[in-house]
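These protein sequence lines map, in sequence, to chains A and B.
Numbering-wise (the numbering used here), the first sequence opens with residue 1 and increments by one.
Numbering-wise (the numbering used here), the second sequence opens with residue 1 and increments by one.
Since the hints were made in silico from the structure, they are not lab data.
Each residue gets a CB set at the ideal place from its N, CA and C atoms; glycine is no exception.
Errors might be hidden in some of the hints.
[Claimed, not checked] Here are the computed distance ranges between Cβ atoms for each label pair:
1. B:V54 x A:D70: 37 to 43 Å
2. B:S265 x A:D70: 54 to 60 Å
3. B:A79 x A:G301: 49 to 55 Å
4. B:P156 x A:I105: 50 to 56 Å
Number of protein chains: 2
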Amino acid sequence: MRAMSVAGEPRFDARPIGPGTVCVVTGGLGFIGSNLTHRLVDLGATVRIVDALVPAHGGDARNVAGLDVDVLVADIGQAVVADAVSGAHVVFNLAGQVSHTASMIEPERDLYWNAITHGRFLETLRLVQPDVRVVHASTRQVYGRAIRLPVDEHHPANPVDVNGVAKLAGEQLHMVYARAYSMAITSLRLTNVYGPRQRLTSDELGFLPVFIRTALENGTIKLFGDGSQRRDCVYVDDVVDALLAAAGEYGIGRVYNVGHAVDHSLAEIASVLTRLAAAGGRASEVVLSPWPGDHQRIDIGSFHTDSGLIAAELGWKATTDLADGLRAALAFYREHPWYLSST
Amino acid sequence: MRAMSVAGEPRFDARPIGPGTVCVVTGGLGFIGSNLTHRLVDLGATVRIVDALVPAHGGDARNVAGLDVDVLVADIGQAVVADAVSGAHVVFNLAGQVSHTASMIEPERDLYWNAITHGRFLETLRLVQPDVRVVHASTRQVYGRAIRLPVDEHHPANPVDVNGVAKLAGEQLHMVYARAYSMAITSLRLTNVYGPRQRLTSDELGFLPVFIRTALENGTIKLFGDGSQRRDCVYVDDVVDALLAAAGEYGIGRVYNVGHAVDHSLAEIASVLTRLAAAGGRASEVVLSPWPGDHQRIDIGSFHTDSGLIAAELGWKATTDLADGLRAALAFYREHPWYLSST
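Construct all of the structure, not just a fragment, from the sequences and the given hints.
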């Protein structure tokens with residue numbers, strides 16, 4: 001059951017994730033991490049969460065309420081994390097700061113959370129559990145403005161904000177450790193992700209949670225500019241599938257885009273949400289608004305991910321279309337209204 | 001005399017560097033910084049050096065002995081640096097940690113010196129002197145192993161060591177500030193640089209100072225592997241020319257390669273040095289040696305920079321050929337023998 005590396009050495013335990021598999025999920029109380037944790041528990045895995053619960057980063061212990069998991073509240077750069085990763089088979093490294101605008105207001109803070117702590121974490125892994133399988137969550141923000149669409153992994157990485165710079169450094173540190181120390185690491189550049197368990201009350205975590213919140217509150221979905229910028233949005237269950245696909249025996253030392261084959265304009269996305277919210281007995285409207293302050297300076301225009309590489313090499317592709325995913329998300333938040341008032 | 005930005009706003013004082021120009025050189029006690037400082041003083045500029053004199057980074061106050069310059073011994077991330085940059089017309093930001101092997105031994109240290117302190121420095125510039133002209137020294141190490149030769153600026157940046165990751169983050173922070181805040185910043189990716197005022201006694205600052213030292217000491221030039229790896233080496237006076245060319249009114253927000261049109265194998269470079277050293281009354285020999293420890297893991301193989309973009313846009317190209325440059329370097333070190341015993 002031990003997979004072989006390119007060089008033919010035993011590398012890591014490539015058993016499918018299930019009973020007996022010990023998984024560490026950093027950022028496991030956050031949006032994507034908690035959805036992954038639910039899935040891992042369903043699969044029978046033992047889950048250890050490491051989450052610093054940094055205010056505004058999106059983590060909340062209620063995201064894993066009722067699950068039998070260990071939670072270590074710690075920064076992944078802390079020494080105590082060695083205990084959590086010791087004996088682990090798979091590490092899903094999803095911890096990080098995700099706000100683009102916050103990264104421009106406090107640049108060093110973003111470099112700390114997305115690069116420095118990841119460097120420390122990689123050192124911990126190298127020293128404590130070097131044969132662990134690692135999947136790291138990167139972001140399509142590392143590309144910056146697209147110079148061609150769709151954007152594949154060969155597209156230049158020219159981030160437009162400090163978040164993109166710091167996330168790229170964090171991703172590249174993972175790849176340096178993969179090559180220099182033959183560690184079994186894969187990184188996924190995630191596009192805009194939406195679905196259950198996302199912090200809705202912040203305006204800093206991307207446009208999707210803001211759209212969903214205002215649709216649910218019967219409010220106004222405000223679009224900056226003319227709403228013509230396009231994004232390929234991916235439902236969080238599809239992202240969980242991608243993380244699991246990337247934890248297998250293939251894709252070591254590789255970086256993959258994780259996005260959706262179908263893109264939509266922000267106006268279309270808002271319109272779908274308006275329609276779905278109205279069907280739920282509410283109405284909302286879409287309003288165009290000028291760009292506030294300096295936000296446009298770090299806007300990347302239209303973006304569409306080419307996720308053909310992960311499809312070819314790991315067999316993953318997004319299967320949830322936008323309307324189905326948004327419908328499921330709205331239903332989840334109606335059943336869990338605390339997400340609309342959480343601070 | 002004020003240049004206009006793309007948007008038509010006055011941007012910075014684009015006067016040629018000369019009497020009345022206030023220049024800040026970070027890392028100004030180091031190899032490239034001190035050579036630049038000598039030139040700037042020759043041009044009549046007022047020079048303020050900021051250098052942390054971090055042991056092993058290559059700085060030494062003797063490199064600017066006899067020059068009338070201000071020296072602030074400080075980390076560029078410190079608040080006191082605001083005084084040095086206040087009122088400056090041009091900042092040459094050359095501070096940094098350059099050892100690839102050291103970056104793997106102390107990864108966080110490299111991230112600190114090449115990324116974090118540069119983020120702090122950019123914040124200082126933005127707040128104190130946002131219209132200053134800035135030239136940043138990056139490195140061809142950001143590319144990692146070449147997937148095609150010669151390597152132009154569109155080549156993917158996949159660093160093989162922490163130094164490359166951190167330098168790329170530092171460079172990209174400069175570009176984020178250039179775009180987001182309309183600051184007049186240019187970054188140069190320097191290839192292997194050699195010449196006077198380089199710390200020769202460290203084995204961690206690249207192969208060229210080691211070769212030069214051992215040639216001068218009548219010792220053995222030891223080559224790892226078969227000596228067939230190729231590099232385009234550039235004489236420091238040419239690099240100073242490039243830094244001055246990049247401080248003008250063109251190239252804002254751009255990143256340029258700075259290398260030599262002619263590349264050589266390491267065996268050829270060692271052979272040229274052997275011949276030159278012998279002509280100076282000494283003899284040395286070239287010995288092939290296996291790679292020590294993990295060094296090969298972060299070796300990038302052959303590399304050849306394509307510097308056509310800076311030639312086309314800024315009119316710079318390297319004019320010193322290898323034998324002439326090495327001859328001048330050897331002559332300098334014979335006149336200044338303390339470089340062979342400095343610790």
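Exercise for the section: Please name the hints from earlier in the document that this structure breaks, with their numbers sorted from lowest to highest. Expected result: Of the numbered hints given earlier, those the structure breaks are 3 and 4, listed in rising order.
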